[in-house]
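Taken in order, these protein sequences are the chains called F and D. Just so we're aligned, residue 22 is where the first sequence starts under my numbering, counting upward by one. Just so we're aligned, residue 1368 is where the second sequence starts under my numbering, counting upward by one.
To be clear, the hints were calculated from the coordinates, so they are not data collected in a lab. Treat the hints with care, as some may be off.
Stated by the list, open to error - Taking lysine to aspartate or glutamate and the DMTMM-like style, the derived pairs with C-alpha atoms no more than 20 angstroms apart in a straight line are: (1) Lys1480/D to Glu1502/D; (2) Lys1571/D to Asp1596/D; (3) Lys1871/D to Asp1884/D; (4) Lys1871/D to Glu1714/D; (5) Lys1480/D to Glu239/F; (6) Lys1480/D to Asp1448/D; (7) Lys340/F to Asp1518/D; (8) Lys340/F to Glu1812/D; (9) Lys1568/D to Glu1812/D; (10) Lys1408/D to Asp1393/D; (11) Lys340/F to Glu1892/D; (12) Lys1871/D to Glu1812/D.
What the hints assert, rightly or not - Reference listing, derived: stretches of chain D covered by chain F, where coverage requires no fewer than 3 residues with Cβ under 8 angstroms from a Cβ of chain F: (13) 1447-1461; (14) 1594-1601; (15) 1651-1657; (16) 1660-1666.
For glycine and all other residues, C-beta sits at the position ideal for the given N, C-alpha and C.
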Amino acid sequence: MNGLVLRFVAQRVALSLLLLLLVSVLIFAGTQILPGDVAASILGQSATPEALANLREELGLNQPAWWRYLAWLGGLLQGDLGTSLTNGRDIGEAIGQRFSNTLFLAATAAIIAVPLAIFLGLVSVLYRERWPDKVISGISLASVSVPEFLIGYILMFWIGVQLGWAPSVAILNEGMGFWQKLHAISLPVAVLTLVVLAHMMRMTRAALLNVLQSPYIETAELKGLSQMSVIWRHAMPNAISPVVNVVMLNLAYLVVGVVVVEVVFVYPGMGQFLVDHVSKRDVPVVQACGLIFAAVYIGLNMVADIVSILANPRLRHPK
Amino acid sequence: MTDALLRVRDLRIGATIYPPGAKAQDIEIVHGVSFDLEKGKVLGLIGESGAGKSTIGLAALAYGRGSVRITDGEVCLNGRDILTLGSRGHRALRGAEVSYVSQSAAASFNPAKPILAQVIEAAVRHGRMSRRTAEARAIDLFRQLGLPEPDRIGDRYPHQVSGGQLQRCMTALALCPEPDLVVFDEPTTALDVTTQIDVLKAIKDAIAATGVAALYITHDLAVVAQVADEIMVLRGGQTVEHGATEQIINSPREDYTRALVSVRSIQHPAQPEPPAKVVEIEGICARYKGLHFDILSDINLALSPGRTLAVVGESGSGKSTLARVMTGLLPPREGRILFEGRALVPEQRARPREDLREIQMIYQMADVAMNPRQSVETIIGRPLEFYFNLRGAEKRRRTVELLDAIDLGAAYLDRYPAELSGGQKQRVCIARALAARPKVIICDEVTSALDPLVADGILKLLLDLQRVEGVAYMFITHDLATVRAIADTIAVMHRGRVVRYGPKSRVLSPPFDDYTDLLLGSVPEMRIGWLEEVIAQRKMESAGN
């Protein structure tokens, strides 16, 4: 790696950290202007004014907002996500298990969806404007157009109930082995794959078709290379950047956007957890979840940017 | 002629076009062309754009660009008709028996891969040699073609070498698999004259050393005269004349060939400079943002009303940057531009409209300088509206006047740029510049993208308009023939400096400075053996030094 690339990469990392800091301010501010009062919701309607005041004092709700933000940020930097207001448990511990469940689901879906999307993209370019291209485009467009909860219920009914091939509720237990876990999450994985497939596939197709217009593709064709080899060896290296960007956006979606799928399949992940605590007005938990989601999103996009930089021969090998 | 390597008989090539707003149409673009090419010989295919040269060249690889397809005829290579082979057969042929060198090596190399990998790819993929042998051969070819550091240049990426070097790498790419036939498609057209001469020599030597046969496609008769054994002149997809190079150059039979041989017939004696100047360029230094050196250093030039100043130089010499400074697109770091004796505001945005009107520009690429969704009437009418507030019938009357001035006429009012030929597009751009009634027009390589005969017409038009309108031209070009044709004053630029400046007669007569000498000596002359003479002379000179 040369100085130029290093500088660009360092720039990206620094920008991402700055962005994350700004997002933390936004998240904090956003949760502050939410209506409702935590103390009141903990103590219920029959609480006396004194009890409310005491609880507020205890929770630190009387401090000015900027002080609470700095205290929160300071805690974060030391790895302390704070304690839940509703049950007094350490948030880091509570989220840990949930987050790893979400990552497990997302990773499984990604391992299937990303190669499949790129492969289908390649195939539809290879047979562009012919029937395989049209079938692939049609199916993937249809699957992305149907809301994911609907796909979820359809699969649940058809595969889970009618055929009985997979459990329709994705519950994980401590004692389950790896394969059992995979079996348990097969339906939500299928739904997620269908949801993110089309976007990545179509971007791969569009990026490749764009590159195929280039004169160097003609050079490759005039070398007598096969279509597949022209596409894979000559077009793909130049289509990496747009494809990676879309792949990363979709990976982020797999982590951040799974709320609906988790709720449908009662999966014990971050999305469920977040929804539960929003309804309880448990601000520290909501903040922590928000920040983790933001970090995943920013982190993956940063990876996309860095891959784009590394994929650019002009930056990798300056004159 | 049984030993012909390539035998083309009655070749017909068709294409499907999609005219705007109409149904797809099948047309024929090559109408029955026949020729033979023996082993180790070079046939030059020459003609203007649209003559079907490239299309015929690619037919030797059984390849058609886009919707182009070979409809009839025979293309026999090594004794078998390659048109009857299937796609598998075609792939086995391409990059093995026949290979192709394109006009723009910069675009034809994959930017994401190192050069060597691309050069040896065809040879290795077709199993014609092992990777190791192919690499050794490629390095040999790099050396033969006079590339610097032949052992290491292959590890570089295309963007890391210059245009001339890349064009030689492309030749190596074509020769690497030891083909029987190479199709060279305008391999030196995009290069500067001083670079062209070296690449041309390298290609010629490589052809001789490898004994390969070649189809050499170009629009420049002087270039093809240096490399070809035979020349075939094409026009509109038909053979006009076919004969030995000697005969075509010295005693062409057809009128069209004669016109090609004698283009640049314009006689324009330099006119005396009037004392008054319309534009004076004083001590201009300019650089682009982020650069630590000047692109232009200390430029001093002057333009007289109704005269032409030709600014000539190779790519990267700063000619176009000078135009940007004059129009205010790039404010100079030092120096000033005087218009009729008063200094112009450096930034284009801050210039008064009247000053903007007085200096107009015409660009090299006429088609990208026009909005494809505007009609000719809108394009020419816009400056009339903007500068003179003309509306309605009056605007239309003036537009038609301008169209008449560029020899197109009112029939073209409703045309769109896509419906015009290259020369017509450039004419519309000229009319648009004239519409502002400027005192100065900057012409930036306005004829470089055009065929010689069309370019000739444009230059004649520009000279006629100059006589009528009294407009001064600053004519930016790399083409010395153009300069000879139209300039009154010449400035030769090299690496951001003016190395020679004065009236045409003085600039173009000896004694020359080194650079001008090199530049003038590099312009291909239409006689056989010119290339060898120049190279030999240069060798003697460098030995003498």
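Hint check:
no. : hint                   : verdict
1   : Lys1480/D to Glu1502/D : holds (15 angstroms)
2   : Lys1571/D to Asp1596/D : holds (11 angstroms)
3   : Lys1871/D to Asp1884/D : holds (15 angstroms)
4   : Lys1871/D to Glu1714/D : violated (32 angstroms)
5   : Lys1480/D to Glu239/F  : holds (15 angstroms)
6   : Lys1480/D to Asp1448/D : violated (35 angstroms)
7   : Lys340/F to Asp1518/D  : holds (18 angstroms)
8   : Lys340/F to Glu1812/D  : violated (28 angstroms)
9   : Lys1568/D to Glu1812/D : violated (26 angstroms)
10  : Lys1408/D to Asp1393/D : violated (35 angstroms)
11  : Lys340/F to Glu1892/D  : violated (35 angstroms)
12  : Lys1871/D to Glu1812/D : holds (19 angstroms)
13  : 1447-1461              : holds (count 5)
14  : 1594-1601              : violated (count 0)
15  : 1651-1657              : violated (count 0)
16  : 1660-1666              : violated (count 0)
The structure shown violates the earlier hints numbered 4, 6, 8, 9, 10, 11, 14, 15 and 16.
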